[in-house]
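Since each chain sits alone in its own frame, please combine them into the complex, following the hints.
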Amino acid sequence: VGELSPPARRRRFEELYTGFYQPITGYVRRRLAADGSEADDVVAEIFVVAWRRLESIPLPPDDRLWLYGVARRITAQSRRTRWRQGRLFDRVAREPVPQGPPTEDPVHDRVRAVVASLRRRDREVLELVFWDRLSHAEIAALLGCSENAVALRLRRAKDRVVKSLVVSSPALPSPNARIQKPMNCASLEVERIVP
Amino acid sequence: VIDIETLIELSNPLRDDVLPTAESPEAQQLFLEITAGSTPWSPNATRPRWVGPTAGTPGAHSHRWRAVAALALAAIVVGVGASALSGVTNPGPMGGSAAPAPSWKLVGAISQATWSESPAAGYMPGEDLTCPTATTCYVEVPRGRAGPWQVEVSTDGGSAWHQSTLPRGVAPWPTTLSCMGASTCVALGQDAAGNVLIKTVDSGETWTSVPVAAQLPSGFQPQAVSCTSATSCVAIFVSDSTVGVAVLTTDGGTTWSRSTLPAPMAPIDVHCFTDGTCIITGRGGSESAQGMGLYSTNGGATWAQATMPTGVGMVASLSCDSAINCLAVTTTAVLGPSRNVVTATTNGGKTWVLTGDNGLPPGAEPFAVACASSAFCWAAGSVSPADDAPQLAGTQPSLLAMSTDGGHTWRVSQLPEALATGTVVAVSCPGPTRCYAMEDLPNNASSAPVLLSYRG
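Those protein sequence lines, which keep their order, are chains F and B. Going by the working numbering, the first residue of the first sequence is number 1, and it counts up by one from there. Going by the working numbering, the first residue of the second sequence is number 196, and it counts up by one from there.
Check each hint, because a few of them may be wrong.
What the hints assert, rightly or not - Quick list of simulated restraints, FRET-style, between CB atoms:
| id | chain 1 | residue 1 | chain 2 | residue 2 | range |
| --- | --- | --- | --- | --- | --- |
| 1 | F | Arg52 | B | Asn553 | 33 to 39 Å |
| 2 | B | Glu218 | F | Asp105 | 45 to 51 Å |
| 3 | B | Ser219 | F | Ser56 | 23 to 29 Å |
| 4 | B | Val396 | F | Ser135 | 50 to 56 Å |
Worth flagging that the hints you see were computed from the coordinates, not collected in a lab. Each residue gets a CB set at the ideal place from its N, CA and C atoms; glycine is no exception.
Pulled out of the complex, with its shape left as it was, chain B reads as follows (with noise of 0.2 Å):
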């Protein structure tokens, strides 16, 4: 008879005889990486010397550090107000052809008490930032550590948030929330029962849930959802094993109907116009990395297979103007090494192109992209390091560059010096005057993203 402290100490499945010992090959390679440009390490001879290139020569930490510096290091802006930052200026590391576009400000951390938590529990807080108007944004956030996702709401332009009161038992999806005005919001969330769609219509301050009751077999999850009126919405879901749906509702909820797509996909985004036109971009079904998208000329009950550039993956990140023209991040090796581009439509989601990246420095890298109109596009991420770089962790260029021709041209943004490194992870356009963007900002201590604000 064993007991059970006993056996689960057993049953670790790294126990110290299979883990590599401080004495091992690699872990001395590290240790003198990281000790670089000191004495060796340690007077025994036998150990093995780091012999690869020295540190400061290209190549030196070729593989790792790209690695370390992709980790996305966030910190808090303790204590520094916009009124210290806002001032403050450089030109950034990389700056395009053009001129730079206009300077962003800080408007401070958000929620910085519980904000301040969440990457402790390894989720990222508020890529969903969406600001229907230039004073009111909503983001979702993870509460606290052990808490579910939450929606939080500013009305004077990102300067005070509060905690939306959700409906008892419900957790809203992250990367879900889309607006149709100040005081209208839904998402896609969940309870007990299953999926639901959640809505508000005071600005946050109640929101109500109805259930999707679309007959979607167990295990389909909510991916996005987009809303044309208080009544009409496009859902799009997916199952564990990539094959995705669409529902559509015109009551506001009360009956949902499931639409067939052409083919298999795994969707991620949806938009939706009043004259009925929808887009759905994602990738392909089951394994396939080839990014898709699909139209709807009918409020989407029915769709078609969009013509897709050459070589791109996953597709996501769309964002829409009031006309049925959208941009969207994709992947491609087309332009050289695989990375993160910009691609557009300009007929409603029928066709999509590559815009290309004129203005924007080497190794731009936009996870997303927000348009107040078809000329006034901003697109936000960061720079990655050149191959040959060495780059300590958190040095990456913040990037947040505007394009005025429907992303084809970019003009690199400047940031306040403090704003210059780290990753701008989401951003929204209310108007063509008026942006918000959100950062996480390098720091080895804690972490909070920072709201950005532009006006024009």
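Excised from the complex, chain F in its bound form (with noise of 0.2 Å):
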């Protein structure tokens, strides 16, 4: 996208934003801990790298992906922020899980525990397919993997929510999916060990 005059500019910005203020706020809400202010902060901060690099963005569709590309880092960023001055102030402090609220139906607040047990790269995957809508290719840019990869860790991530999920109530409904044994994305993932 070439130089925009003020009023394209701001036109432009107005559709990324009425397009996609919504679900980039649920997509920093359900990574970051209950704390609004904070999640509002990385938001408004997202945006703000939008209005100032508008013209950087790429045309649509691939400007849902750059949104999610800022959000992804800056989210990130705000974490680590927090876990710098947790070591500082608290360096026993953990990452938080956001859950969101509790709901009325006990089967979707299991389903929820279950998912924040996952290994974190396996619930970023699954997070981003059913809660984000994103394609496995979007994600696999996100990311930086292959759709490969994605589809791997998909599958595990779904395998193991329906093996947990059969284990700790038997008396639920059988899924309709596959139970396999987990299988390695990547022969080199570790999971990170966060202080």
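The following block contains the structure:
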């Protein structure tokens, strides 16, 4: 996108803002602690970046992925900053796993708990597919891995969810999904230790 | 019967129906804040307009923009070498009361290829910058996006870095690296069996690990380690419930013993001297936010509680000289709004005092300190914006300040212009004429810390 006139710039930003404010807010809130002000600040920063770099944002449909990329980075930086401050003021603090408000459906609560217990990288793919509704290709671009790796992680995550649900609640209806031995997405993938 | 994919979709904790839309008042206000100075958002007159203070007016963005600024964006200085930057200095936005401290120069991005990816995973690389000599530096970094933390070593003053090969299955724990010389360093880590001490005696070429066989209950995680020789070390661990323990070995890790702390404590840092003095800093146990210090005069076998300044929080970033003088960073509201300040001990950790902020600019927030001697200390961090100053992300001035009187007065350093904004996250001084620091630079694209060097 070349240089935009001020009115065109504003229109373009409004398109992005109205089109993506809600999904980006959802993306951020699902990944940060329940502290709404932190999530709001991160959302604000994402759109500040979009406003400042409007000319470099690709045209639709790639603009969505661009925004998710910024959202992912800034959300991560927010966590990182909190970790750094945590190291100074309380190194024993743990990264929270947001689970959202409790629902009236115990099955959904159980699924959320199982999802939250997944390994971080598996959980991320699962959430991006089912909650953020990104395609495998978009997720691959966002995470910097192949679509095949995304598919493998997703299958591993789903298998683990199914397995956990069946184990934790035999009374649940048997989900219509295959249960396989978990597969390694990448041999070098090692769960990160979080201080 | 419901399929698993639908079940996961329906379990989304934040479905669209509970999320604010772009038409919500908060979203519209944000839009107007971002586009302040332009025409109103929409011809739709029914939408509320921004009615707060106008952009540029103190207080206009008081809460949100301060928080945004605190996101500490980082960036790579890609393709910009020391030669392009080292000669360019600016007086900085702050400036102490005394003459500026000598300037620093950019060495370069550290292991750019791997570090550039790390912030995307949400972790702060390399806060453990440890330079035992003028040419040898060690850092802990996460390897790539998915890999575990790694140790990288430079033996040429930070120009070239190579990754150490750690024992198979061992993940070093961040911020536990401690060096006793150019070739000998230790760190804490974990393997499948539990906590381990890893050690190199050949400048990081090879590492060995020994289990910390102190019969710690599960859930205790490494915090810090300090060794006075290749065989004598004190390590501290903390549990999920913030119960801290100290363990020591005098035979290189073959046997470990636990020492009893005199009060519940969440320990953060430890430093031991060759005369048997050891110091632990941290905060009180459980939910206590009160800063706390311990000291030992028998190599960590027994501990006594230190006298701390009133009203300080967690004490961390402990740095000591070869005598028993130490500086650390704590937080306090005694000197004004709550912020990071420097605290010091000159008697082996028995008593600590706040050193004050003479010479530091308003809003200075040290994150780390390093002392080559009591007459040569550096504080690193950034300068927070004043309460009434709207500030966009990543525009906080970076901070490097030198003290020659044990931290009581400071001289703010000049930094090359390209480095004057950001956060200096680590500093290490192998001697009074040489220091290294690592800085996160603001940028909206990608990220990697850069190494700065000071030559007195």
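Structure-based check of each hint:
1. F/Arg52 <-> B/Asn553: 33 to 39 Å: Cβ of F/Arg52 to Cβ of B/Asn553: about 38 Å, so the range 33 to 39 Å holds.
2. B/Glu218 <-> F/Asp105: 45 to 51 Å: violated (28 Å)
3. B/Ser219 <-> F/Ser56: 23 to 29 Å: At 28 Å between Cβs, range holds.
4. B/Val396 <-> F/Ser135: 50 to 56 Å: Distance hint for B/Val396, F/Ser135 holds at roughly 51 Å.
In summary, the one numbered hint that this structure violates is 2.
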